[in-house]
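Each protein sequence line maps, in turn, to chains A and B.
Going by full-length UniProt numbering, 14 is the number at position 14 of the first sequence; the sequence numbering is gapless.
Going by full-length UniProt numbering, 182 is the number at position 182 of the second sequence; the sequence numbering is gapless.
Some clues are possibly wrong.
[Stated by the list, open to error] One side only, chain A facing chain B, incomplete, derived with CB under 10 Å:
1) Ser13
2) Gly14
3) Val17
4) Leu18
5) Gln26
6) Ile31
7) Glu49
8) Pro55
Treat the hints as calculated values from the structure; they're not laboratory data.
We put the beta carbon where it would ideally sit given N, CA and C, even for glycine.
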Amino acid sequence: MRVEVDQPKCVASGQCVLLAPAVFDQDDDGIVTLLDADPGPEHHADVRESAAICPAAAIRLVEK
Amino acid sequence: MTVAPRRVVVVGASVAGLTAAETLRREGYDGSITLIGREPHPPYDRPPLSKQVLLGDWPAERVFLRRPEDVAALGLDLRLGTAATALSTAARTVTLSDATETGYDALLIATGVRPRRPPGYDLPGTHVLRDLADALALRERIAPGRRLVVLGAGFLGAEAASSARALGAEVTLVEPAPAPLAHAVGPQAAAHLARLHREHGVDLRTGTKVTGVETTDGRVSGVRLSDGTRTPADDVLIAVGSEPDTRWLEGSGLRLADGVVCDAYCAAAPGVYAAGDVARWHNPLFGVSMRIEHRTNAAEQAMAAARNLLRPEQARPYAPVPYFWSDQHGVRVQAFGHLRGHDEARVVEGDPEEGGFLVAYRAGRTLTGALSVGLPPRALRRWRTAVAGRADWRAATEDLPER
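Isolated chain A (complex conformation) (with noise of 0.2 Å):
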């Protein structure tokens, strides 16, 4: 799983660092950071509910 994100369309709500703390982290202003492009299966389930849920629809994930 190779993991995508949109900085300019994250809105800083911190859904995904909530679900997914080994994977994705907030700068100073909130704005997604990512820790890990290319995370381990035992993180795959929470990176795609971060996904999911996301409410600027600013994670892509490509499913390798």
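Following the hints, complete the assembly by docking chain B onto the known chain A.
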């Protein structure tokens, strides 16, 4: 033991409908999914309409929620530009605007809301802002010096007023209540938002109702207000709330009461679920019936409803901590929890007179929500945790200085 569905129909192709379809696939469902959308566009996002789209910062296509290849990969029977017109729960069929019928084993209703439009407010020059087409039409009309009257200072009206001011329009914002959003966010945040409008040149008229529209050559040219004044207008935006899009469900046997009435599992009837703006359900976390018109809930509830639809015998109650955000005049408002109906709103961080601040909300003895204005989003995190844990109000606020 229920039989697993093989034909799922999802009515509504916005955030909730698309998320439901994606969740069904992610959960391994490989039967048919018919996704019915009233508008001709692929599934798109609405929050940017009053912000980036109205400002002209984004081209229209940027609001589309998924790339075409990602939508195609879901293998949907996608019926865009097609509205559902009737439902028979007995026959398990949905009737469509093209006069066809489609049968289902399980149905998910996600038709959202329609903007309220009082009688007499449908003449040229009057607008609502719900669909992409609405936003593009209004954007065409906003320019420096143009006069826009916005009726209703809720989130939508406030954001549209903010965007129009940024584009140099002369904006009058008319609100019947003494302060914008006071019933939802409490007096401190409402007063701050009112001041923010005025500092940015919005002519905010609180405690004021519109008593009529004036026309010139069949087009709106102004509004008459309850304080006896009249305000000239090139355009009028009606942002006085919305109502659940449930007219097509009348006579279906489903219970309708300001939304499709669901249980705690988002089920409205056997095999029938609802999610997003249209769904009224019992949120066990707060112990109240809710209907939430926020972007995050549309996705979150669609995921919960889709999972319960697939596996009713393992259904889980939907008990979210609601979240919303709003951008007004460059200031970010964010909130977690259930703010309406609070008994107390208290400023617990910062100072509304000086800029960023955080308000906590109490219902009974429990912390039920928190809202920040102009603070870094991290400031809210611990409050979200406390709201989710149904924290005792005194325990959550006792270490804080008195105000």
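Structure-based check of each hint:
Evaluation of the serine 13 of chain A hint against chain B yields a held restraint, the C-beta minimum of about 6 Å falling below 10 Å. Of the supplied interface hints, the one on glycine 14 of chain A holds, with its beta-carbon coming within about 5 Å of a beta-carbon of chain B, less than 10 Å. For the restraint placing valine 17 of chain A at the interface with chain B, the shortest Cβ-Cβ distance is roughly 8 Å, inside the 10 Å limit, so the hint holds. With a cut of 10 Å, the hint placing leucine 18 of chain A at the interface with chain B holds, because the nearest CB-to-CB distance is about 8 Å.
Taking 10 Å as the C-beta cut-off, the interface hint given for glutamine 26 of chain A holds, the closest approach to chain B being about 6 Å. Against a cut-off of 10 Å between C-beta atoms, the interface hint on isoleucine 31 of chain A holds, since the closest Cβ of chain B lies about 9 Å away. Below 10 Å, beta-carbon pairs count as interface contacts, and glutamate 49 of chain A has one with chain B at about 8 Å; its hint therefore holds. At about 5 Å, the closest approach between the beta carbon of proline 55 of chain A and any beta carbon in chain B falls short of 10 Å, and the interface hint on this residue holds.
Checked against the numbered hints given earlier, this structure breaks none of them.
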